[in-house]
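Colleague: If you want the building blocks of each chain, they are given just below.
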Amino acid sequence: DQQVKQNSPSLSVQEGRISILNCDYTNSMFDYFLWYKKYPAEGPTFLISISSIKDKNEDGRFTVFLNKSAKHLSLHIVPSQPGDSAVYFCAASASPQGGSEKLVFGKGTKLTVNP
Amino acid sequence: GAGVSQTPSNKVTEKGKYVELRCDPISGHTALYWYRQSLGQGPEFLIYFQGTGAADDSGLPNDRFFAVRPEGSVSTLKIQRTERGDSAVYLCASSSSQAETQYFGPGTRLLVL
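Protein chains in written order, with the working numbering: chain X, 1 to 115; chain H, 116 to 228.
Isolated chain X, as found in the complex:
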């Protein structure tokens, strides 16, 4: 049973426009959320994170929004650039109970930004 869901396997946007990637979760114990970007044949690269005490975190062109009541988060990229084309993974973790911050990942959304 998937605890983190990314329901859109792919997304295509035009350069300069906004990209919005969505993620839903089912486990109410999750309190920390991250987005990773992955290029082919490379490991995931950390992009941005948000704690459950916030509803928004911004870093340059990237903004993550968290809606705890809906158990939903989204990543906004604006303006989108061709170099942003990659697979984006949403991940979540629960506060350490015994010391582990293991991440639970969604299946990913492949973003293509067209020039």
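Don't read these hints as lab results, they were simulated from the structure. Please read all numbers here as calculations on a predicted model, not as lab measurements. No residue lacks a Cβ here, since even glycine has one placed at the ideal position from N, Cα and C. Certain hints may be false.
Stated by the list, open to error - With a Cα cut of at most 27 Å, we get these calculated BS3-like pairs of lysine-lysine:
no.: 1; chain 1: X; residue 1: K54; chain 2: X; residue 2: K5
no.: 2; chain 1: X; residue 1: K110; chain 2: X; residue 2: K68
no.: 3; chain 1: X; residue 1: K71; chain 2: H; residue 2: K130
no.: 4; chain 1: H; residue 1: K193; chain 2: X; residue 2: K107
no.: 5; chain 1: H; residue 1: K193; chain 2: H; residue 2: K130
no.: 6; chain 1: X; residue 1: K107; chain 2: X; residue 2: K56
What the hints assert, rightly or not - Using C-beta positions, here's what the derived DEER-type ranges look like:
no.: 7; chain 1: X; residue 1: V78; chain 2: H; residue 2: P185; range: 44 to 54 Å
no.: 8; chain 1: H; residue 1: T216; chain 2: X; residue 2: R61; range: 37 to 47 Å
no.: 9; chain 1: H; residue 1: T216; chain 2: X; residue 2: I20; range: 16 to 26 Å
no.: 10; chain 1: H; residue 1: T216; chain 2: X; residue 2: S10; range: 37 to 47 Å
no.: 11; chain 1: X; residue 1: E58; chain 2: H; residue 2: A117; range: 27 to 37 Å
no.: 12; chain 1: X; residue 1: Q3; chain 2: H; residue 2: T167; range: 25 to 35 Å
With chain X held as given, fit chain H onto it using these hints.
Modeller: Just chain H now, kept in the frame of chain X:
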């Protein structure tokens, strides 16, 4: 500085063989994680080390899988009697503590024929 490194980058083996996958974490990182990513899926947690000890091995699929981190730095993931279903990308990540961001290596692509 140097990131997380993993060796080999690719490994092809035959069903039933034993394999070892190595992870060198970022220098000074005390927490180390192993994940497995199958085709079309996101990474799945296998095991987590804090220092030399395995703090959480709940993700290991069965007793054919074992991991060690004897000196609190380099870790080795060991798979005995490999099966075709073990074919995947094995990812290692490290963080400065259990509460900090995890940084991933490039992965080892394991193919069991």
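Colleague: Indicate, hint by hint, whether the structure satisfies it.
Modeller: Hint by hint, here is what the structure shows:
no.	hint	result
1	K54(X) with K5(X)	holds (21 Å)
2	K110(X) with K68(X)	holds (25 Å)
3	K71(X) with K130(H)	violated (42 Å)
4	K193(H) with K107(X)	holds (25 Å)
5	K193(H) with K130(H)	holds (15 Å)
6	K107(X) with K56(X)	holds (23 Å)
7	V78(X) with P185(H): 44 to 54 Å	holds (47 Å)
8	T216(H) with R61(X): 37 to 47 Å	violated (19 Å)
9	T216(H) with I20(X): 16 to 26 Å	holds (23 Å)
10	T216(H) with S10(X): 37 to 47 Å	violated (26 Å)
11	E58(X) with A117(H): 27 to 37 Å	holds (29 Å)
12	Q3(X) with T167(H): 25 to 35 Å	holds (30 Å)
Checked against the numbered hints above, the structure violates hints 3, 8, 10; every other hint is satisfied.
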